[in-house]
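Trainee: Here are the chains, one letter per residue:
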Amino acid sequence: MLQNFDMSLVDWSRGQFALTALYHWLFVPLTLGLSFIVAIMETIYVKTGDEAWKKITKFWMTIFGINFAIGVATGIILEFEFGTNWSKYSWFVGDIFGAPLAIEGILAFFMESTFIAVMFFGWEKVSKKFHLASSWLTAIGSNLSALWILIANAWMQNPVGMHFNPDTARNEMVDFAAVALSPTAINKFLHTITEAYVVAALVVLAISAWYLLKGRDVLFAKRSIMVGSVFGLIGILMTLYTGDGSAKQVFRTQPVKLAAMEGLYEGEHGASLVAFGLMGKAEEPGNHPIRMKITLPKMLSFLATGDANAYVPGLKDQIYGNEEQGILSFQEKAERGAVALQTLRELKEAKDSDPARYKELRARFEDPQWMKDYFAYFGYGYYQGEDPALLLPNVTMTFYSFHLMVALGFWFLLVFLLALVWGIKDKLAGKRWFLHLMVWTAPLAYLATELGWITAEVGRQPWIIQDLMPNMAAVSNISATTVQVTFWLFTLTFTILAIAELKIMFKQINLGPKDGGQ
Amino acid sequence: MTAAVSYLFLQHYWWLLGSVLASLLVFLMFVQGGQTFILTLGRTDTEKTMIVNALGRKWEFTFTTLVTFGGALFASFPLFYATSFGGAYWVWMAILFSFIVQAVAYEYRKKPDNFLGTKTYDVFLLVNGLLGPLLIGTAVGTFFTGSAFRLDEMNHVIWQSPWRGLEAVANPINVVLGLTVLFLARVLGLLYLINTIDHEELYERAKKKLMTNAVIFLVFFLIFVGWLVMAEGYAYDPQDGRVFMEPHKYLHNLLQMPVVLIILLAGVVLVLWGLFVSLFKGSRMGIWHTGIGTVLTVLALFLTVGYNHTAFYPSYVDLQSSLTIENASSSYFTLKVMSYVSILIPFVFAYIWYAWKSINVRKITEEEVTSATETHIY
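Here the protein sequences come in this chain order: X and W. Sequential numbering of the first sequence, starting at 1, is according to this note's numbering. Sequential numbering of the second sequence, starting at 519, is according to this note's numbering.
The set of hints was computed from the structure by calculation and includes no laboratory data. The structure presented is a predicted model; accordingly, all values stated were derived computationally and were not measured. Warning: the hint list may mix true and false statements.
[What the hints assert, rightly or not] Among the chain W residues that face chain X by a calculated CB cut under 7 Å, a handful are:
1. Phe617
2. Tyr626
3. Ser848
4. Val855
5. Ile861
6. Phe867
7. Ser876
8. Ile882
[Said to hold, decoys possible] Computed footprint of chain W on chain X, listed as stretches where at least three residues anywhere in the stretch have a Cβ under 8 Å from a Cβ of chain W:
9. 121-135
10. 186-200
Beta carbons are placed, not taken as given, at the ideal position from N, Cα and C, and that holds for glycine.
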């Protein structure tokens, strides 16, 4: 089966998507959060009439604008890449996946781009109130943009609300609410936007701390830190809360990912949570023993299920099956998936030649029991007779990404608390060590948010759509060389643009809020 | 929406919405058209700044329309999205790259310490201005002339040319349409600048350039329309969906759908009227007539290629793989859900209109772009 697939094409296509998505995500979180911070600051300006707040608003708006431009530049490709590089995917699930994208364009992108123009060009032309409303609408619009694409992503992790139509060879939507309001989607959206607020707040704190270290723009810096730390504190608390919600969802819908996140090889009752660990070398499929670890007893079972003694299946259970827990082995799933694949192929052959046979096969796709027993494992069919290790994600990468992200999350919580307390007491200027830490926490914020995506996306491999479509069956029929060329073109273009954006940002920070930005 | 609304109706409705978006996109490419003059129209720095700022306040609308067009097509005609994007890889990549560099160019060009220098960002704008309309026009040409693909039994595209879509330039009609769109964009760009900037010398220069560009545009446009009414088209049998070649198919469509013909004629008249008053009557409002005319004309052309049992994305290597609004659309349920969402579109238009008006109350002048109070200048 696998010899029919060009794995080098799959790797380069994944590489290109990862590259463009990670670049895009370097710029988006800041704009998602900063748009609200700017709106809050402008609200204070309009309420108090204090011109200093206007300057503060304008400075952060400039930073927002610089990031917004490159966010747009790196974003357009993602929308079209589903078609250019994953065209089989686009057909297989376009009936469901396309709708959120269209709604995003119609409802969110226009809101964002219309009111951002008022925000930047309207200061002297529209009333204060209309300008303020535009700033809020830009923030809401950009966050709505995030909503729809995250619904689409959540659907790939936990496909719901659809039915497979063998005639068109695609999944068709039957329940829009199930897609848009799935618990996976809600958790993912809230987790993603709130941690974007954390990134933005930490950038605000870092820049302000730098001013305090330099002893310049002190009023600006102190005010920005107050807004940033309150906003960030709310953000990080929500991020931690929704992160917990996400883990519970992953346990239910992607148990392999959860086991990989925790490096859990042997399933157990009352499984403990690895707070810190170093992974050993893989000895056999799914066996990544943790060499050194500090664990919290029973916490994993508790966090995943709410029951401290519940069974959490390990990777071994997933590969070899566990009858007691009702878990099928990869091999069994592959056999069942192969039946579904074969049925679809036979149906295609019988369509014109053998109406009776076609009718009989067609009926299976309408039989809920058959769909549950066989079609639910459709994607596994591609792996019939293959090494089960191919069905596992990169456990080491998933494990470290996840743990580092969580550790950073708690560090951010501490930073916001200290910044807020010392900010209120007006003691920050005297704590230079903490100001230095605040500056260096900003790059960690970017690291943490990218690690979150790596956990979510590497952890679900090889699935592009959980259990239904492996990434190799989703790529366009193009040559690996073609994708290599565009991969390097994107690398070059985005790197140059990112350097430009960083230089411009640093220059604007250096110029400072006195000019109100340029 | 009740069950009385048929699948076929929804397919037509979404083709109409897609066509409206496409026609708005062509109109909004006045931004790209204007960008092609970035190095030549303004003589002084201030003049150039006025041109860039006039365009820079609108570029996001064009960009957003392009992105929404992509999203709407994905959602309503996913087989087109999968086939064309996955097949004509290089054409779409070239278009996308030209828009990627545009997105940063306005914001970064005048910023201190911007790494590449103002000149480079201006070249980005020029490249986007030339390639965007040219390639999009050429790609749309294949809606009429066909592409080299085959679909397998799972509806997966297999492109038959190693050029991955770039082979479209081998057909002169595609190139003619590409050039038509490019020169139309240039004409619209000039009309927009004439309307928005209050500056005598720029106006005179723009008007001179308008004459040449309008003539070139009209020549290409007439060649395309001449070809269109004579051409054999890709028709399909509504009963069994079989695709076949029909002589004068597009002419027949116009005659069999008089409303579309009227829209087309009204559009062409408006385009010409806008050009006439701008060139010979000293009017600065020509962008309105020519702009609305452009929307109508493009709308009519898209309806011609999608309605009346016509394959809108035909394959010349395998006729039966051709895409029609019936075989390429989303399911009934998805189209229905999205149709509810589409009820909000007029509301979106309303706020765009309101916001656009409110920041366009004054024309762009030298004082504005050189003043100290205006803090956001590109």
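Trainee: Each hint needs a verdict: does it hold in this structure or not?
Mentor: Verification of the hints:
1. With a cut of 7 Å, the hint placing Phe617 of chain W at the interface with chain X holds, because the nearest CB-to-CB distance is about 6 Å.
2. Nearest Cβ of chain X to the Cβ of Tyr626 of chain W: about 6 Å, under the 7 Å cut. The hint holds.
3. The closest approach between the C-beta of Ser848 of chain W and any C-beta of chain X is roughly 5 Å, which is under the 7 Å cut-off, so the hint is satisfied.
4. Because the beta carbon of Val855 of chain W sits about 5 Å from the nearest beta carbon in chain X, less than 7 Å, this interface hint is met.
5. Taking 7 Å as the C-beta cut-off, the interface hint given for Ile861 of chain W is violated, the closest approach to chain X being about 10 Å.
6. Among the interface hints, the one on Phe867 of chain W is violated; its C-beta lies about 9 Å from the nearest C-beta in chain X, farther than the 7 Å criterion.
7. A least Cβ separation of about 5 Å between Ser876 of chain W and chain X falls short of the 7 Å threshold, and the interface hint therefore holds.
8. Given hint, Ile882 of chain W at the interface with chain X, is violated; its Cβ is 10 Å from that chain's nearest Cβ, farther than 7 Å.
9. Counting residues of the stretch 121-135 of chain X whose C-beta sits closer than 8 Å to any C-beta of chain W gives 8, which meets the bar of three, so the coverage hint holds.
10. Using a Cβ-Cβ cut-off of 8 Å, 0 residues of the stretch 186-200 of chain X lie near chain W, which falls short of the minimum of three, so the contact claim is violated.
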